[in-house]
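Which chain is which? The protein sequence lines are A and B, in order.
The numbering of the first sequence is full-length UniProt numbering, which starts it at 1 and goes up by one.
The numbering of the second sequence is full-length UniProt numbering, which starts it at 1 and goes up by one.
Please keep in mind that the hints were generated in silico from the structure rather than gathered at the bench.
Treat each hint with caution, since some may be false.
Since the list can't tell identical chains apart, any single copy or any two copies may satisfy a pair.
Said to hold, decoys possible - Simulated pairs of lysine-lysine, DSS-like, Cα-Cα distance not exceeding 25 Å: (1) Lys64 - Lys460; (2) Lys64 - Lys552; (3) Lys398 - Lys513; (4) Lys429 - Lys411; (5) Lys429 - Lys343; (6) Lys543 - Lys340; (7) Lys340 - Lys411; (8) Lys560 - Lys64; (9) Lys460 - Lys429; (10) Lys340 - Lys560; (11) Lys6 - Lys513; (12) Lys6 - Lys429; (13) Lys64 - Lys513; (14) Lys513 - Lys543; (15) Lys398 - Lys562; (16) Lys560 - Lys542; (17) Lys557 - Lys64.
2 protein chains.
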Amino acid sequence: MDHLAKNPANYVALSPVTFLHRAAAVYADRTSLVYNRTSFTWRETYERCRRLASALRSRLRVSKNDVVSVLAPNVPAMYEAHFGVPMAGAVLNTINTRLDARTVASLLRHSEAKVFLFDSQFASLAHDALRHLLREDQTGGGVIIPTTTNIPIPVVIEDPHAGAVPRASHSQQPPQLGGLPLEYEELIAAGDPSAELPALADEWDPIALNYTSGTTSAPKGVVYSHRSAYLSTLSLLLQWGVGMEPVYLWSLPMFHCNGWTFTWGMAARGGTNVCIRHTLAPDIYRAIADHRVTHMCCAPIVFNLLLLLGAESSRRRGDLGPPVEVLTGGAPPPAALLEKVQKLGFRVTHAYGMTEATGPALICEWRSAWDSLPGDQQARLRARQGISVLSLADVDVKDAGTMSSVARDGKAVGEIVLRGSSLMKGYLKNDTGTKEAFRDGWFLTGDVGVVHPDGYVEIKDRSKDVIISGGENISSVEVEAVFYGHPNVSEAAVVAMPHPHWGETPCAFLALKTSDHVAAALEEEEILAHCRRNMPHFMVPKKVVFMPELPKTSTGKIQKNKLREMARELSIDFHSNS
Amino acid sequence: MDHLAKNPANYVALSPVTFLHRAAAVYADRTSLVYNRTSFTWRETYERCRRLASALRSRLRVSKNDVVSVLAPNVPAMYEAHFGVPMAGAVLNTINTRLDARTVASLLRHSEAKVFLFDSQFASLAHDALRHLLREDQTGGGVIIPTTTNIPIPVVIEDPHAGAVPRASHSQQPPQLGGLPLEYEELIAAGDPSAELPALADEWDPIALNYTSGTTSAPKGVVYSHRSAYLSTLSLLLQWGVGMEPVYLWSLPMFHCNGWTFTWGMAARGGTNVCIRHTLAPDIYRAIADHRVTHMCCAPIVFNLLLLLGAESSRRRGDLGPPVEVLTGGAPPPAALLEKVQKLGFRVTHAYGMTEATGPALICEWRSAWDSLPGDQQARLRARQGISVLSLADVDVKDAGTMSSVARDGKAVGEIVLRGSSLMKGYLKNDTGTKEAFRDGWFLTGDVGVVHPDGYVEIKDRSKDVIISGGENISSVEVEAVFYGHPNVSEAAVVAMPHPHWGETPCAFLALKTSDHVAAALEEEEILAHCRRNMPHFMVPKKVVFMPELPKTSTGKIQKNKLREMARELSIDFHSNS
Numbered sequence: 001m002d003h004l005a006k007n008p009a010n011y012v013a014l015s016p017v018t019f020l021h022r023a024a025a026v027y028a029d030r031t032s033l034v035y036n037r038t039s040f041t042w043r044e045t046y047e048r049c050r051r052l053a054s055a056l057r058s059r060l061r062v063s064k065n066d067v068v069s070v071l072a073p074n075v076p077a078m079y080e081a082h083f084g085v086p087m088a089g090a091v092l093n094t095i096n097t098r099l100d101a102r103t104v105a106s107l108l109r110h111s112e113a114k115v116f117l118f119d120s121q122f123a124s125l126a127h128d129a130l131r132h133l134l135r136e137d138q139t140g141g142g143v144i145i146p147t148t149t150n151i152p153i154p155v156v157i158e159d160p161h162a163g164a165v166p167r168a169s170h171s172q173q174p175p176q177l178g179g180l181p182l183e184y185e186e187l188i189a190a191g192d193p194s195a196e197l198p199a200l201a202d203e204w205d206p207i208a209l210n211y212t213s214g215t216t217s218a219p220k221g222v223v224y225s226h227r228s229a230y231l232s233t234l235s236l237l238l239q240w241g242v243g244m245e246p247v248y249l250w251s252l253p254m255f256h257c258n259g260w261t262f263t264w265g266m267a268a269r270g271g272t273n274v275c276i277r278h279t280l281a282p283d284i285y286r287a288i289a290d291h292r293v294t295h296m297c298c299a300p301i302v303f304n305l306l307l308l309l310g311a312e313s314s315r316r317r318g319d320l321g322p323p324v325e326v327l328t329g330g331a332p333p334p335a336a337l338l339e340k341v342q343k344l345g346f347r348v349t350h351a352y353g354m355t356e357a358t359g360p361a362l363i364c365e366w367r368s369a370w371d372s373l374p375g376d377q378q379a380r381l382r383a384r385q386g387i388s389v390l391s392l393a394d395v396d397v398k399d400a401g402t403m404s405s406v407a408r409d410g411k412a413v414g415e416i417v418l419r420g421s422s423l424m425k426g427y428l429k430n431d432t433g434t435k436e437a438f439r440d441g442w443f444l445t446g447d448v449g450v451v452h453p454d455g456y457v458e459i460k461d462r463s464k465d466v467i468i469s470g471g472e473n474i475s476s477v478e479v480e481a482v483f484y485g486h487p488n489v490s491e492a493a494v495v496a497m498p499h500p501h502w503g504e505t506p507c508a509f510l511a512l513k514t515s516d517h518v519a520a521a522l523e524e525e526e527i528l529a530h531c532r533r534n535m536p537h538f539m540v541p542k543k544v545v546f547m548p549e550l551p552k553t554s555t556g557k558i559q560k561n562k563l564r565e566m567a568r569e570l571s572i573d574f575h576s577n578s
Numbered sequence: 001m002d003h004l005a006k007n008p009a010n011y012v013a014l015s016p017v018t019f020l021h022r023a024a025a026v027y028a029d030r031t032s033l034v035y036n037r038t039s040f041t042w043r044e045t046y047e048r049c050r051r052l053a054s055a056l057r058s059r060l061r062v063s064k065n066d067v068v069s070v071l072a073p074n075v076p077a078m079y080e081a082h083f084g085v086p087m088a089g090a091v092l093n094t095i096n097t098r099l100d101a102r103t104v105a106s107l108l109r110h111s112e113a114k115v116f117l118f119d120s121q122f123a124s125l126a127h128d129a130l131r132h133l134l135r136e137d138q139t140g141g142g143v144i145i146p147t148t149t150n151i152p153i154p155v156v157i158e159d160p161h162a163g164a165v166p167r168a169s170h171s172q173q174p175p176q177l178g179g180l181p182l183e184y185e186e187l188i189a190a191g192d193p194s195a196e197l198p199a200l201a202d203e204w205d206p207i208a209l210n211y212t213s214g215t216t217s218a219p220k221g222v223v224y225s226h227r228s229a230y231l232s233t234l235s236l237l238l239q240w241g242v243g244m245e246p247v248y249l250w251s252l253p254m255f256h257c258n259g260w261t262f263t264w265g266m267a268a269r270g271g272t273n274v275c276i277r278h279t280l281a282p283d284i285y286r287a288i289a290d291h292r293v294t295h296m297c298c299a300p301i302v303f304n305l306l307l308l309l310g311a312e313s314s315r316r317r318g319d320l321g322p323p324v325e326v327l328t329g330g331a332p333p334p335a336a337l338l339e340k341v342q343k344l345g346f347r348v349t350h351a352y353g354m355t356e357a358t359g360p361a362l363i364c365e366w367r368s369a370w371d372s373l374p375g376d377q378q379a380r381l382r383a384r385q386g387i388s389v390l391s392l393a394d395v396d397v398k399d400a401g402t403m404s405s406v407a408r409d410g411k412a413v414g415e416i417v418l419r420g421s422s423l424m425k426g427y428l429k430n431d432t433g434t435k436e437a438f439r440d441g442w443f444l445t446g447d448v449g450v451v452h453p454d455g456y457v458e459i460k461d462r463s464k465d466v467i468i469s470g471g472e473n474i475s476s477v478e479v480e481a482v483f484y485g486h487p488n489v490s491e492a493a494v495v496a497m498p499h500p501h502w503g504e505t506p507c508a509f510l511a512l513k514t515s516d517h518v519a520a521a522l523e524e525e526e527i528l529a530h531c532r533r534n535m536p537h538f539m540v541p542k543k544v545v546f547m548p549e550l551p552k553t554s555t556g557k558i559q560k561n562k563l564r565e566m567a568r569e570l571s572i573d574f575h576s577n578s
């Protein structure tokens, strides 16, 4: 019976693009997307995506596996690209809008993007990036040699909401590339919604290319298959419990792992996408009130924004019914913060993931049995990264040397490894990187953690962040959590500082909420006392540095490498003085 | 980038068996299953399934793609077989317990079952079936030639709750097959939970074999792949909104499309399976109260049972919190019935499906906008079969001749066709049947329907020859064939007769060869006895009408529509008399 053959009816390539086709058929008149005064139905979104796909093919000569790059905030065109680009047989490459022109250029070059869609808000950045591409400027100088074959066709997304763009600026003039349709709506208009589009033959074909923000080395181009994107989409909807008729607020950039696959997920559920250009608290609260938002994802930093405005807005939220479900990534939010946010009408679930896992890989699934536990125990449970999403076949914590599983005792530390069909295909043009990322049938996350007896995984440290002091492993995350437990700490980062006796010792960098310098001085004492009260002595940082703000990458990650350098320099001072 | 290779970490064969592995890791101490006073955790269920798999391989020599048949109600062994059998690399074949011995034998023969697990409640049936297998009895007589190579190894599931089994009955003696472990718990005990089990290499491999009840001719063996079962499981959980910590009552037989995949689904969600041997109203209400059931599936006939006891039980249900979610198949329940059932604390969603689609294929997804419509309009909307589940790539209604889509106007009638990776691989040893089931990249359901402008599909007519009695499909053709098998029947036609308890029941119209009225009276008795001997009890017509000649069209076709009208009228008499 294993010889019953596959046929076109019972073996259909898995692709999240099928969700849009279905949405157009069964949710045709339901609102697919709202953005300021623009609003589309699923029928319209489908038609626009078909137009986009057709225009990309017929007008811009995009063909199978060509890369289409997009540099845009969460606007309709960005959403439509998630379907229109793969419907053309092409690969969607969304670019982080916080990158600098040189980096954008390097991504366009590396991906060999054929088309470059950019929002008018980022016209300067886009044009500068294209200019970088037009020159051989690897070293920042030299003779300009146009290499037009590698220049993507620029398409600007014009939008009156993009803000005042300095049109006079010389950098506003796009490179001259002939008379092609260069405006997004023109492209849509040029498309034929009834044109035949290529059928997907193989679900292993690429659908998206997402560059990591490169906290360690150069950005890597993570390639998703249609299969991985499909499976991840279904399993995240299920895991997060996204029910019928969701109203999803785009507070998470779509350029982050395709919005953790909820771009495609909203089509699967026939939900409504609420697009906002800026992730600002007033815009978020307004959108929640106007559209009765049910779900949103965001980085934990957004909670701070929400809390700042919270006092005024909570009354407004009061009669809006059930809380907004919030899925957040990155470090688990401190318990105190969570509590405040929940009071404002947000119910927070946190997840752990990475670009290579098409977004969230573990989710801290709450258990009803925990409801009756004391608050501090709940906080500890909530701080864990959790259990694997259903699209992963397995997660484990292994000794990186022997690749044997560590004891499931919440103590034995090892590397978190993943396995499953929602993982990336690999890194574009980086065989070494791809090879290093996988070992013995597992994907290596590079993060260090434990497995608790109940199967929940907890990160003990990003690999590089383990501080080894006098033979003891200190988790910087753990020390940071103590600092975040103090009401007046807004940012905390702990790194290793060389120490002549202990080898390494923790060094803390803190930013306070208090802007008043006199008050700050008083606070410092209080914070250090709090720290000593709340952690073992050996974990207490030997040095604490207060800064107005910690240095961050374009994606908002704290630049620990910079802090490590500072810690090394401080170490010299510190020891020569002491 | 399409050349990034698959590797064992990022391309893992999709299989619902992985859900059990995960459940054992992350829901280890949660209750997996309760049955009377028996209760297991997910850790225990996993261990028992591993034992079963290992014992099937090492003790019973089961190897890849061998069929293991199970004849049992919803007891723990039946649940465990859903994982243990595929974990052994074998194919699970669950058999409808309402079939007669001859049919069971024919299924065992057709599937070449290697092992035959049966519950002691069905020991007689199982032994009779094995006896049929031991003879060459295709014609019901002839020389007995033992064909031991084709006899499956019998394993009895002993259970004190199976009821008083007449041990003295000669049919209780199992055929002699040597000293193998013949009791299920012995088999479990003989298994080694740490034995290595074969890894699934190809998700297209078969996981289950489910025989249709034979809507056209002989029962067909529908083969599911691991892939189709996995996708169906995920998408049904999502579509029905099965959230965290579900408590699932087994009121639907697991032998129906593997319990519409919720056997596997409960492992995916770490839910609790509440097993009951008999689908009786007191047992259902008791289970709901004792275990705080959240979800159950059933045939619409079960609603009648619930309503009978409802008056007494509703008070008891009153303080049990949220309503029980009920997914039901078959014909949409009448609005009046639904209303009554909802009042008893059940929230009903109805689905449409078939064995070939791994269970529900369409689901009547309710829209909040419909809440405000008048009752009769709501009832009309609720009566529609609905929209495709997410594991299907597409559903359509097509002109069976031209295979072009009909207008989506709620009026144009065509055949309902499906496409997607949750569909069956095909029919076992039935190339003609498989070929006929698929056409031009679609699976033909054989059901006739329309598409409404909002994309919802509604059945207008079952392929007219199916009678749905108590959730079981009865093929009129099959029943007619039995009548035609009697030497004195000249014409036979079987149609559906409305029945207050079973929904529908077969009604037979017969014309005899004998013209002598006295002889005819004697023949009638003989024919009904012949009928009861040769078909499962539930297929036997509740009403048989003898006529000198059946009404026919000018071209000589029996006018079934006229007979249906007669059956409706007879039904009224029938019930007013009884």
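Evaluated hints:
1. Within a single copy, Lys64 and Lys460 get their C-alpha atoms no closer than 43 Å, and across copies no closer than 42 Å, so neither meets the 25 Å cut-off.
2. In this assembly of identical chains, Lys64 and Lys552 lie within 25 Å of each other by CA distance neither inside one copy nor across copies; the values are 37 Å within and 55 Å between.
3. With identical chains, the CA atoms of Lys398 and Lys513 are never at most 25 Å apart, being 39 Å at best within one copy and 65 Å at best between copies.
4. For a Cα distance limit of 25 Å, the shortest separation of Lys429 from Lys411 qualifies neither inside one copy, at 38 Å, nor across copies, at 54 Å.
5. With identical chains, the CA atoms of Lys429 and Lys343 are never at most 25 Å apart, being 48 Å at best within one copy and 62 Å at best between copies.
6. In the homo-oligomer, the alpha carbons of Lys543 and Lys340 never lie at most 25 Å apart, since the shortest distance is 30 Å inside one protomer and 69 Å across protomers.
7. For the identical chains of this complex, Lys340 and Lys411 are neighbours neither inside a copy (30 Å) nor across copies (55 Å), given an alpha-carbon limit of 25 Å.
8. In this assembly of identical chains, Lys560 and Lys64 lie within 25 Å of each other by CA distance neither inside one copy nor across copies; the values are 40 Å within and 53 Å between.
9. Taking the closest pair of Cα atoms, Lys460 and Lys429 never come within 25 Å of each other, the shortest separation being 32 Å inside a single copy and 55 Å across copies.
10. Proximity of Lys340 and Lys560 under a CA criterion of 25 Å is satisfied in neither setting, with 28 Å inside one chain copy and 63 Å between copies.
11. Taking the shortest alpha-carbon separations for Lys6 and Lys513, neither the intra-copy value of 62 Å nor the inter-copy value of 49 Å comes in at or below 25 Å.
12. For the identical chains of this complex, Lys6 and Lys429 are inter-copy neighbours only, at 15 Å across copies versus 33 Å inside a copy, given an alpha-carbon limit of 25 Å.
13. Proximity of Lys64 to Lys513 under the C-alpha cut-off of 25 Å is found in neither arrangement, the shortest distances being 51 Å within a copy and 64 Å between copies.
14. Taking the closest pair of Cα atoms, Lys513 and Lys543 come within 25 Å of each other only inside a single copy of the chain (20 Å); across copies the shortest separation is 83 Å, beyond that limit.
15. In this homomeric assembly, Lys398 and Lys562 never come within 25 Å of each other (Cα to Cα): the closest approach is 28 Å inside a single copy and 64 Å across copies.
16. In this homomeric assembly, Lys560 and Lys542 come within 25 Å of each other (Cα to Cα) only inside a single copy, at 17 Å, whereas the closest approach across copies is 79 Å.
17. For the homomeric pair Lys557 and Lys64, neither the shortest alpha-carbon distance inside one copy (35 Å) nor that between copies (50 Å) is at most 25 Å.
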